[in-house]
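Peer 1: Chain residues, written in single-letter form:
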Amino acid sequence: MKFMMIIKANEDSEAGVMPSEKLLLAMGKYNEQLVKSGVLLAADGLRASSKGARINFANGKSTVVDGPFAETKELIAGYWIIQVKSKAEAIEWARRVPFDVEGQIEVRQLFEAADFEPELRGSAEGRALLDAEQSFRKRTNT
Amino acid sequence: MREMAAETKELIAGIAMVNLDSMTDAVSRAKKFLALVGEGESEIRLIHDGAAF
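Protein chains in written order, with this note's numbering: chain A, 232 to 373; chain B, -16 to 36.
I should point out that these hints are in silico values taken from the structure, not numbers from a laboratory.
Be aware that a few hints might be false.
[Said to hold, decoys possible] List of simulated lysine-lysine pairs, DSS-like, C-alpha gap at most 25 Å:
1) A/Lys233 x A/Lys267
2) B/Lys15 x A/Lys282
3) B/Lys15 x A/Lys292
4) A/Lys318 x A/Lys260
5) A/Lys304 x A/Lys318
6) A/Lys282 x B/Lys14
7) A/Lys292 x B/Lys14
[As the list claims (entries may be wrong)] Footprint (simulated), chain A over chain B, 3 or more residues, beta carbon under 8 Å:
8) -1 to 13
9) 16 to 23
10) 26 to 32
Note that the structure is a prediction, hence the values are computed from the model and not measured.
All residues carry an ideal CB built from backbone N, CA and C; glycine is no exception.
If we strip away everything but chain A, and leave its shape as in the complex, we get (with noise of 0.2 Å):
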């Protein structure tokens, strides 16, 4: 099963504060756990909403709101994608991730191709997505 573990954002995340040396080292530390345990798929920090924009479509019209947003709990600062063996692992290593002094990590389970095999496996087009789908994960080893 894969999961991602969503880090929250904070003032200092959505101000462009890089985490301390030590935050750093530890969170270094915590990846490393999470590779030599062979469940770590992918893992990213993202840069301030400042640098971000959000795109709204409706009604056949779309929009563009430039960051920041000002909703920072809501925020996300970073990711990790893991490959665990259920949601309680994937409990457990959220447990895990270092913090300075507080923080939240959300975790939700990712869809994977099988679940949408019923949908598509009905028709020559859906069973080419299915394909495509399973080569694309394949190629970037996700």
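Position chain B against the provided structure of chain A, taking the given hints into account.
Peer 2: Below, chain B alone, put in the same frame as chain A:
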């Protein structure tokens, strides 16, 4: 204590990681994706690269 995460509009339904030359390109691709989906919101965020640390 376990609770439901209730703020549906702020929750994430999916991600796509892409390597592009510009924010303009990212916005353009997000618009195309949303046009396919019909309606919704996409947030584009720049990823730290190793040099940032």
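Peer 1: Does each hint fit the structure? Answer for all of them.
Peer 2: We went through each hint and held it up to the structure:
no.	hint	in the structure
1	A/Lys233 x A/Lys267	holds (17 Å)
2	B/Lys15 x A/Lys282	holds (21 Å)
3	B/Lys15 x A/Lys292	holds (11 Å)
4	A/Lys318 x A/Lys260	holds (22 Å)
5	A/Lys304 x A/Lys318	holds (24 Å)
6	A/Lys282 x B/Lys14	holds (18 Å)
7	A/Lys292 x B/Lys14	holds (9 Å)
8	-1 to 13	holds (count 5)
9	16 to 23	holds (count 6)
10	26 to 32	holds (count 6)
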